[in-house]
Amino acid sequence: MNPSSSFTRIVRRVLAHPSIVIGGGLVLAVAAVALLAGVVSPYDPLASNFRMKLQTPSAEHWFGTDHFGRDVLSRVIYGGRLSLQIGLMVVLITGLFGTLIGSVAGYFRRLDDPIMRLMDALMAFPAILLALTVSATLGASVQNVIIALSIATTPHTARIVRSSVLVVREMQYVEAARALGAGDWRILWFHVLANSLAPLIVRLTFVFASAILAEAVLSYIGVGPPPPTPSFGNIIANGRDFMVEAPWVTIFPGLAIVVCVLGLNLLGDGLRDLLDPRIKVGP
Amino acid sequence: MPQYLLRRFIAAIPVMFLVSLMSFAVIWLVPGDPASSFLDASATQEQIARIRQELGLNQPLWQQMLHWYGRVLTGDLGQSILLHRSVGEALLERLPVTLSLAALALVLAAVLGISAGIFAAMHRGGTADRAVMTASLLGLSVPDFWLGLVMIVVFAVGLGWLPSGGFVPITESVVGWMRTMTLPALTLALVQTGFIARMTRSAMLDVLDQDFIRTADAKGLKHGFVVLRHGLPNAMLPILTVLGIIAGSLLGGAVVVEQVFSLPGVGRLIIGAIMSRDFPVIQGGLLFLAAIYVVINLMVDLLYAVVDPRVRL
Amino acid sequence: MNRKSFSLAVLAAAVAVSVSVTALHAQTRGGNAVVAITQAPPTLDAQVTTIQSARHINLHIYETLYARDENGKPVPDLAESVAVSPDGKTYTLALRKGVKFHNGKTMGSADVVASLERYRKIGANANLLSEVETISAKGPNEVVIKLKKVQSTLLDTLSSSTAPLAIYPAEEAAKGANKIAYIGTGPFKFVEFIPDSHVKLERFKDYVPNPHYTKRDGFAGKKEVYLDTVTFRFMPEAGARVAALQSGEVHLVETVDGPTKKRLETNPAFKIYKLLPFSFQIIKLNHAVPPTDNLAFRQAVVAALDMEEIMSIAYPDIYQLDGGWLYPKSPAYVGVGLNTYNKPDLKKARELVAKSGYKGEKITFLVDNLRANTDTATVVQQRLAQIGVNVDIKVTDWPTAVKIGWSPEGWNLFAHGFGIQPFEGPGTVMSAFAGGQLHQKPDAEIDRLYAAYSGELDAEKGKALFASFQQHMINDVIAIKVGNYGLFQVGTAKLRNFEPYRIPRMWGVWLDK
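Chains as they are written, first to last, in the working numbering: chain A, 1 to 283; chain B, 1001 to 1313; chain C, 2001 to 2513.
It is worth saying that the hints were derived from the structure and are not from the lab. As the structure is a prediction and not an experimental result, all values here were calculated from the model. Beta carbons are placed, not taken as given, at the ideal position from N, Cα and C, and that holds for glycine. Please note that a few of the clues may not be correct.
[Claimed, not checked] Some chain B residues judged to face chain C by a derived CB distance under 7 angstroms, without partners named:
1) 1158
2) 1159
3) 1163
4) 1210
5) 1275
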């Protein structure tokens, strides 16, 4: 089999899904802007100039300025960088712990019940309250926001992994492998996880989206990343006293959130359609 | 059926216990205490110490835990430190607000979402379908607090059509209630509508693919009639499941919307309690929310059993 | 026309004009005013809290023996007069007669004694009464206070509005903190308190305004009520407060920011009130931990800061640049040491940093999440970065800030407001810094000056003592005074005769139909 043609086949299959193309495109565009923040951003996001406060959007300041006189466009660009970093870290941590917990619970029957009870207890509050409590306990910092959001999203991910694991555990080839004497852990990792990969990937895409939204809410309540570094959420939070006078400080970061999250949701949808339309994982 | 309910109820107890343990962990770990809410920036150590003494905050944690569990088992959630009433009273006072908001939002989202989902399913693959699906996804991608802020700026300040916050109980004035609930319910509903529309569409598609639908169509019945009369009832089960899940996330969304619109609901109560360290309210509130979550899940299960005769346990 | 009918005509015209003029300015009785305030009070037990939002409401419900007039000077309110013994240690207060509590009981000396004794035990500022030896009733209408030593500040204390020595009925005064029924002698009577929504008060029908005064005067004077009820709604969101004002749900907003005021001032439906100064913005320094324990470092921080930059971002359009530790109109205000205020000099600052031996370690700037405070920290961080000082901003909520700020560790700088103390006078400002509480290191000089001020009955000598205090604050950089800020209050044009003060006073005002 010619490797390059199977590769092109995969690419063509991927491109057949408009959601992946559009969603992926949006996400890549946002990521590119965030990575190239230093180059793309017209001003220093931290540079205040109090004589230029609350300027309406203009040619010099496409998104206007905030009450420090800082350029909102530059802050939104750097805010995207921080928000995406936070989202990515949450995805990694949730992926790691969710998989660990979910696979242990799914595979080892005796541990299933106690672990899932704990997960249920964590899922019994609105995620936002959980995140708020953790943040208030640990203090407001980027690190703590990541921890808080990860704690809020891990239980659901663990549940999804566990479901897949439960299904696969019963399958023939796992029994066969066990009969052949392969160790539990080996079976777990190679067969079981490979099968849960699809829903996990889809789920993590949606986790990324929800992390960006949740960071914004935490900032709004006051326990998000501290000043002066901008994140999407804290630009809105810091400008909300002036919401009526200078709506651009609120509107543009909000639109940026919508674009990022929409891109991620489209991508997640598309990935699900591509990998396995039957799996019931949603945003 | 009663045994089923009882079994589910008993299964919920360890969860509630874990929740209460977690709330004690919060009290243990979170720095600061309610004394700070009584004093301004120039308070002295001795002022703080005196207030802490008066508020009974110097008891060791295990003692506080013992007292609390003892009280809870008799149904008493304790006394709020800052609100001068029992935690139970505070929660009950605020429940109507949160319930009005969640219920109204759920109804709006269900009506809009289910119709949109059916519409999209019927025009599967066409531009109408794509438009509805994109709109739904867009709805899901909007931060609810931001949407609320924008609504306030546009509708309350800009156009002056609706109030920007506060709550008028329905018993006081139906019109007032409608006016204060409109923007918050819309804000909350918009996000959920997207969910429901997508879920409805996929459930309807599953059902419409089935043989009995084709049979009905072949019999010459109008397609619309077929969809509604034969298709919809069969799609109800997954739709109901979704509504059950949504109810849970509605509560979460309500917490934020209550902040934005200054609605005195349960969410705002708990956030306020966390921010001011009103420990009894934090504990009572978290337990209460967990209980609501359990009840909602139970109700969804019940509805399941009612709608689908095959699910008789 | 002959002279007689001419004069009659003039008289008639004069009468007609004066009648119509009176009709134009007559107060409208009745109506329900709604005031939007930023925070809910933690309690309506006035004695046990120093929180401002509690004052807004409590000073409508309760009264004190003496009260501050428009300029902050103590004048009689529930007391009629005071007689001081020649040695200055015995104060005999004569009470007004016929003053009623909201439950119908007549106020007498037993109530006053009980209330003051309660304050001594559980009042938020109980230490103000630490020099009191005994409080006793002399007959039904006189109260005698005996001091252990001479105190120039007793009347200041009795009239203090920070955590007022409110007079409760003796039965209520017997109850513990926060356990009282809210019964006072004030012009408004308590109706209901929904803790995260509002407090509602109604006009006290049997209120008799103090007959010794003819008009409103600070917290004292003649308190006449024209409104039926007043509701204080708690609205922490600035945007929501403004939106509520514009939609007519609220008649007065406690505070709006500069840009909002600019937008509303051209609208004839609203009236803007400017209250400046209202408070100080200060930055406390921790003298117990390095590097802020080093004088040169502290001086470097001061030298680096541009106070105008900080104030114009934190409090746009509503600030004053002033380095004094009292408000400019205070009788004891002094200009001592102010020639060094707001003289940013980055070069000098860098030299001072070098001199202090600072090695580049991170210093912590603690703030709560009030925007003005986080903004102050942000600006300071940027300026200090320019002189090579690394600042880490720690934003916490208020309870955590209190916990950290009142311990000697975990912070180097802490920014917040300081408003009621300068209003209450030099003694109150000095007592805040006495004992080293606010900067974590006992300061013998401040303690000495404060003790001397307390015992000093001569106003001029007292002023000189305060001048020394101010000089010491500046020389030693005990804390940094950034500037004064104020409040813009906005009301509907229908709200008449309102004048801003330490609290939004709802007596003496009325609502046009």
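Here is how each hint holds up against the structure:
1. 1158: 10 angstroms, violated
2. 1159: 10 angstroms, violated
3. 1163: Where the cut-off is 7 angstroms and the nearest Cβ of chain C is about 6 angstroms from residue 1163/B, the hint holds.
4. 1210: 51 angstroms, violated
5. 1275: Holds, because the Cβ-Cβ distance from residue 1275/B to chain C comes to roughly 5 angstroms (cut-off 7 angstroms).
When each numbered hint is compared with the structure, violations occur for hints 1, 2, 4.
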